[in-house]
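Chains X and B, in that order, are what the protein sequence lines are. For the first sequence, the positions run 1 to 347 when full-length UniProt numbering is used. For the second sequence, the positions run 1 to 347 when full-length UniProt numbering is used.
None of these hints come from the bench; they were simulated from the model. Backbone N, C-alpha and C define an ideal beta-carbon position, used for all residues, glycine too.
Non-contacting residues of chain X with respect to chain B, defined by C-beta distances greater than 12 Å in every case (computed):
(1) 34
(2) 87
(3) 182
(4) 234
(5) 273
(6) 290
Ranges of calculated distance between the beta carbons of each label pair, as one might list FRET restraints:
(7) B:125 <-> X:68: 34 to 44 Å
(8) B:57 <-> X:288: 27 to 37 Å
(9) B:125 <-> X:124: 24 to 34 Å
Facing chain X, a subset of chain B residues (Cβ under 7 Å, in silico):
(10) 52
(11) 54
(12) 141
(13) 152
(14) 166
(15) 171
The lines below spell out each chain.
There are 2 protein chains.
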Amino acid sequence: MRTRHIAPQMTAQILPLGQARPQPTLDPMMALVATDLGRVNEVILARMQSEVPLIPELAGHLIAGGGKRMRPMLTLACARLLDYAGERHHKLAAAVEFIHTATLLHDDVVDGSSQRRGRRTANIIWGNPPSVLVGDFLFSRAFELMTEDGSVRVLRILANASAVIAEGEVDQLTAQRRIETSEDRYLHIIGSKTAALFAAACRIAAVVAERSEDVELALDAYGRNLGIAFQLVDDAIDYASDGATMGKDAGDDFRDGKVTLPVILAHARGSDEERRFWRDAIEGRRVSDDDLAHAKQLLERTGALADTLVRARHYAARAIDSLAGIGGAKARAALAEAAEFAVARAY
Amino acid sequence: MRTRHIAPQMTAQILPLGQARPQPTLDPMMALVATDLGRVNEVILARMQSEVPLIPELAGHLIAGGGKRMRPMLTLACARLLDYAGERHHKLAAAVEFIHTATLLHDDVVDGSSQRRGRRTANIIWGNPPSVLVGDFLFSRAFELMTEDGSVRVLRILANASAVIAEGEVDQLTAQRRIETSEDRYLHIIGSKTAALFAAACRIAAVVAERSEDVELALDAYGRNLGIAFQLVDDAIDYASDGATMGKDAGDDFRDGKVTLPVILAHARGSDEERRFWRDAIEGRRVSDDDLAHAKQLLERTGALADTLVRARHYAARAIDSLAGIGGAKARAALAEAAEFAVARAY
Numbered sequence: 001m002r003t004r005h006i007a008p009q010m011t012a013q014i015l016p017l018g019q020a021r022p023q024p025t026l027d028p029m030m031a032l033v034a035t036d037l038g039r040v041n042e043v044i045l046a047r048m049q050s051e052v053p054l055i056p057e058l059a060g061h062l063i064a065g066g067g068k069r070m071r072p073m074l075t076l077a078c079a080r081l082l083d084y085a086g087e088r089h090h091k092l093a094a095a096v097e098f099i100h101t102a103t104l105l106h107d108d109v110v111d112g113s114s115q116r117r118g119r120r121t122a123n124i125i126w127g128n129p130p131s132v133l134v135g136d137f138l139f140s141r142a143f144e145l146m147t148e149d150g151s152v153r154v155l156r157i158l159a160n161a162s163a164v165i166a167e168g169e170v171d172q173l174t175a176q177r178r179i180e181t182s183e184d185r186y187l188h189i190i191g192s193k194t195a196a197l198f199a200a201a202c203r204i205a206a207v208v209a210e211r212s213e214d215v216e217l218a219l220d221a222y223g224r225n226l227g228i229a230f231q232l233v234d235d236a237i238d239y240a241s242d243g244a245t246m247g248k249d250a251g252d253d254f255r256d257g258k259v260t261l262p263v264i265l266a267h268a269r270g271s272d273e274e275r276r277f278w279r280d281a282i283e284g285r286r287v288s289d290d291d292l293a294h295a296k297q298l299l300e301r302t303g304a305l306a307d308t309l310v311r312a313r314h315y316a317a318r319a320i321d322s323l324a325g326i327g328g329a330k331a332r333a334a335l336a337e338a339a340e341f342a343v344a345r346a347y
Numbered sequence: 001m002r003t004r005h006i007a008p009q010m011t012a013q014i015l016p017l018g019q020a021r022p023q024p025t026l027d028p029m030m031a032l033v034a035t036d037l038g039r040v041n042e043v044i045l046a047r048m049q050s051e052v053p054l055i056p057e058l059a060g061h062l063i064a065g066g067g068k069r070m071r072p073m074l075t076l077a078c079a080r081l082l083d084y085a086g087e088r089h090h091k092l093a094a095a096v097e098f099i100h101t102a103t104l105l106h107d108d109v110v111d112g113s114s115q116r117r118g119r120r121t122a123n124i125i126w127g128n129p130p131s132v133l134v135g136d137f138l139f140s141r142a143f144e145l146m147t148e149d150g151s152v153r154v155l156r157i158l159a160n161a162s163a164v165i166a167e168g169e170v171d172q173l174t175a176q177r178r179i180e181t182s183e184d185r186y187l188h189i190i191g192s193k194t195a196a197l198f199a200a201a202c203r204i205a206a207v208v209a210e211r212s213e214d215v216e217l218a219l220d221a222y223g224r225n226l227g228i229a230f231q232l233v234d235d236a237i238d239y240a241s242d243g244a245t246m247g248k249d250a251g252d253d254f255r256d257g258k259v260t261l262p263v264i265l266a267h268a269r270g271s272d273e274e275r276r277f278w279r280d281a282i283e284g285r286r287v288s289d290d291d292l293a294h295a296k297q298l299l300e301r302t303g304a305l306a307d308t309l310v311r312a313r314h315y316a317a318r319a320i321d322s323l324a325g326i327g328g329a330k331a332r333a334a335l336a337e338a339a340e341f342a343v344a345r346a347y
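Isolated chain X, as found in the complex:
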């Protein structure tokens, strides 16, 4: 369905990574971790409780709101890849999801978003103050869960990822409404705000399974490249879908003046007049629905959306290659398909 949105004329010339599976899904990974994920969900539900009723109410709205549990699934699948037989990763995967949920709550406050995963955001329902504070609670609870596990190495990886995420978010704020933002800077920002947690989620599985630093770094590379692919695709979808298919307000990035790769490419390739349009739009002077429609036309005509997906495909391929020679074939195939899925979401 989304094929019609994103430069269909370009997609024909891009061969799917997995030719035997033209529609890659998360199903193999979900099947691999189903039992574990049930345990993680139990931890999540138990540990978002509080004697202050508003906390589970607000957190539950987002946590129960149809998220894919992508990041905790990665922890579980990577642990399975390494034949880890224990249970430590359940709490840690829950901690990863809590960190992610905390950043979503704060992001929606920062962006003033009104819709996520097809539902109204917490900041719209309850206001900004509890969204900020419940985010802080989940973040603290994540670290409590990690201290119960007791691995200082895991704590270090996730504390570092959390600091990098916040740096990336602040960096994104300072790049906002600046059409001059380079592709390098954009990649650095999404490497921080998105890929750092994907990388950490995967890496901690190697720590729990007590594998070498080489294995840690390989899983880190898998997660990092997958995270970049994921964000690239999200940034393309923001211009390609409507709210109904995406679960959040399409065109949000455009109206917020966020300089994502599609815009960087279309601006670089545009005529003088088009470059003026992009500057006006990103600086907030042309953000009507008609302007958004015009922006979409430019993105398609310049091939900016399609080439954003080419870039995403590159990172997905790097993610898959990072796993070469590591772990069992079945889990590796599931992780590879998850990387293909990250890109296929756009089609």
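Take the given structure of chain X and dock chain B to it, following the hints.
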């Protein structure tokens, strides 16, 4: 100077805790930890840096903005009390200050505050979004510092304190504009939002000094009672001072509809008409300057401010008694005077 504000007719009958020191200060504690505090400030300055310039700019505004460094000083003074000779507590005291700074940034967003420590707040200068995100950064950086120390016990104490702080803040939000809030609930809220970090800051000194759990609990009790005393006095000062003496907007609690102990006592002791006034004020219908002046009159006439300070004095005394028999006399005297100072600030 503040004596004139807070029920001067009541203060005469309350004997100072330290009769030989009618004006207790933080000077003995500051002298005790001066060298250590210099090292902590170096860690703070070094570790609030980031490649994203807005982060040190915004964080530095608050961190350099004249805070007393009360919480890190407590860590240092408690370590000195236990004759700890190492340097681990420098990073940990910096982590405590980062957690505190993060909560201040988020509090000011939540309350929409415009002034703190006599300066404009970060949310007024830079807006809410970077205040939220830099708070997240400092919070993450705090946990990074702790992982560098490597004590899971310290991590557990501070992660738990952080979660309890957030719970207290959310609880305070849900109690806001509810005149029915009981003294018990108020004490529970300030025990969470304020005293938990005081307790943790003191307790971790015992962990670093490798002392028994009894000593840990004694320092925890000292910090917890001190923190409650501190908050009680802050809540009294909010009705007793003007912005110039307090460094933040006086009357903020009144206008925000926060039900603090002075209000709880004045409401409980008031006539039917006065109780109607308090309900109207806390529910946001009577918050003019004249209403604030009327509130101050009621607080003085009912003895609510003076009795709030009597309560504070009780907790300060409990803090001091918690230290009985622990550590060296000089440090103990400095910590005792810090508890006296917590109350004396109001006079």
